[in-house]
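Trainee: The lines below spell out each chain.
Number of protein chains: 2
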Amino acid sequence: MPKPYTFKPGSKIKISNFETRVEKTEYDKKSAAEKIHANAIVMADHARRLYAENKRSILLLLQGMDTAGKDGTIRTVMRGMNPRSCQVYSFKQPSEEERDHDFLWRVHKVAPRKGNIGIFNRSHYEDVLVVRVHDMVPRKTWQQRYQQINDFERLLSESGTIILKCYLHISREEQRERLQARIDEPQSNWKFNQADLAERKFWDDYQQAYQDALIACNTQHAPWYIIPSDRKWYRNLLVSELMRHTLQQLDPHYPTVTDDLSQIVVE
Amino acid sequence: MPKPYTFKPGSKIKISNFETRVEKTEYDKKSAAEKIHANAIVMADHARRLYAENKRSILLLLQGMDTAGKDGTIRTVMRGMNPRSCQVYSFKQPSEEERDHDFLWRVHKVAPRKGNIGIFNRSHYEDVLVVRVHDMVPRKTWQQRYQQINDFERLLSESGTIILKCYLHISREEQRERLQARIDEPQSNWKFNQADLAERKFWDDYQQAYQDALIACNTQHAPWYIIPSDRKWYRNLLVSELMRHTLQQLDPHYPTVTDDLSQIVVE
Chain A
8 MPKPYTFKPG SKIKISNFET RVEKTEYDKK SAAEKIHANA IVMADHARRL
58 YAENKRSILL LLQGMDTAGK DGTIRTVMRG MNPRSCQVYS FKQPSEEERD
108 HDFLWRVHKV APRKGNIGIF NRSHYEDVLV VRVHDMVPRK TWQQRYQQIN
158 DFERLLSESG TIILKCYLHI SREEQRERLQ ARIDEPQSNW KFNQADLAER
208 KFWDDYQQAY QDALIACNTQ HAPWYIIPSD RKWYRNLLVS ELMRHTLQQL
258 DPHYPTVTDD LSQIVVE
Chain B
8 MPKPYTFKPG SKIKISNFET RVEKTEYDKK SAAEKIHANA IVMADHARRL
58 YAENKRSILL LLQGMDTAGK DGTIRTVMRG MNPRSCQVYS FKQPSEEERD
108 HDFLWRVHKV APRKGNIGIF NRSHYEDVLV VRVHDMVPRK TWQQRYQQIN
158 DFERLLSESG TIILKCYLHI SREEQRERLQ ARIDEPQSNW KFNQADLAER
208 KFWDDYQQAY QDALIACNTQ HAPWYIIPSD RKWYRNLLVS ELMRHTLQQL
258 DPHYPTVTDD LSQIVVE
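Chain order of the listed sequences is A and B. Note that my numbering numbers the first sequence so that position 93 is 100, with each residue one more than the last. Note that my numbering numbers the second sequence so that position 257 is 264, with each residue one more than the last.
Next up, chain A with everything else stripped away, as it sits in the complex:
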């Protein structure tokens, strides 16, 4: 099965060394869609057991440049899940109340409850990405955050949360095409934002910020997965596989009922 790129905690990487498009794969668009559908059925069953067991949780965190496909991945991979125990949080610009607290405050509040799967569309990593690129806090502040993030993620991990962090990796050319498509296709116009063009000018700064964040926060308890994302179906397949595999590894069980129910008759 195709897998995301991973790398050893503590080791240095160059983000530009990772492919954004993997050519060699036994899958194509159609067979990937079938596999994602099959995975969704397995995932729904296991998510139900996870909920009944009520001991552990999963946090799937998605980061990536504009147009990398965070929304599309969630839509394609997670449909089929019971929303009762699967919540998506999209982190936008922080509110005034959120800015009046440490940067992890709003994130911790929505950490997944036991038995649940939490999905972060963007996350606390924005506080070492956009915040860094645009000098929104002093250098010392965002540098401290790597350790703060690692400590926070370790707390969640030690408390029973499995953390999966996916970096959706696209090329600069692929982003150009996708932004252009948002302009050219009327039904995609609503997704287009002038600000995206301004952000695109900071491409190299963002790549550097991503690289540093991936290196600094790639831990045993919360590893990064680099997802080649120039092809949407391949990106979706990788994330779907990761989620299915994680749920199967967890192997959650329905709680065993210790009382003997055999004599109970409901009248």
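Calculated directly from the structure, the hints in this document are not laboratory data. Just to be clear, a hint being listed does not mean it is correct.
Because identical chains share one entry, a pair is satisfied inside a single copy or across any pair of copies.
Unchecked claim - Below 27 Å or equal to it, Euclidean Cα-Cα: the simulated BS3-like pairs (lysine-lysine) are:
| no. | residue 1 | residue 2 |
| --- | --- | --- |
| 1 | Lys37 | Lys116 |
| 2 | Lys19 | Lys208 |
| 3 | Lys147 | Lys121 |
| 4 | Lys239 | Lys21 |
| 5 | Lys62 | Lys147 |
| 6 | Lys36 | Lys147 |
From a predicted model like this one, the values you see are computed outputs, not experimental measurements.
Given the coordinates of chain A, work out where chain B should sit on it, guided by the hints.
Mentor: Using the frame of chain A, we list chain B on its own:
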């Protein structure tokens, strides 16, 4: 001025070596009350500046055996503060939703907002105290929590929160008298709880748990203050002094208005 006991981060202490009642002091009940009143006026003024400045916050955390006087301290020391920017959180038994998250989840949610003073009546330390004494989680779990607490408190500290942790230190005999008073005095009956007598049987276990927590979590960024609390007025005086001193050290300022307002006329 009388001061709480403090000790170096990393150093070991024996809690039984600290006095619960300090005899030598220039203060008495009456002059202490006057000083506390004078402090309250200074504190209210500085709290107002802290609020206007909107950059930093204070967290006053109170722990102590039953009857040590957490409620009484807050009532006596903090009256005079504007409740707009001063909030007390009393941590009770966690709810089902709270138990379905890591133990710091409910604490982080109520961490003080910039410009505010947060007061914790009990706190996350209960998760290495009562939880440990009654074996409510495996040993490994509560042992991990010391580091998790230190990391969490460092996050708050690095984000602008001044953390003051007060251990209200009473003797076993003093607790006996106070519990007896709750039984003997009709207007205090409502405070009496049969469970307190059961808890009292675990006195030594609690003292050990407090000692370990004080040693493990006495950091530069969040030090413990040991408050001799057998005499209520002395206890209150120490906490009042600590709070006044902290606010004066912070020396918060009203934001300077850069616009020239001199020509503005309100019509």
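Trainee: Each hint needs a verdict: does it hold in this structure or not?
Mentor: Here is what the structure says about each hint:
1. Lys37 - Lys116: neither (39 Å within a copy, 45 Å between copies)
2. Lys19 - Lys208: within (26 Å within a copy, 55 Å between copies)
3. Lys147 - Lys121: between (35 Å within a copy, 19 Å between copies)
4. Lys239 - Lys21: Only inside one copy: lysine 239 and lysine 21 sit 23 Å apart there, 62 Å across copies, limit 27 Å.
5. Lys62 - Lys147: Only across copies: lysine 62 and lysine 147 sit 17 Å apart there, 37 Å inside one copy, limit 27 Å.
6. Lys36 - Lys147: neither (45 Å within a copy, 47 Å between copies)
Consistency with the previously given hints fails for numbers 1, 6, ordered from lowest to highest.
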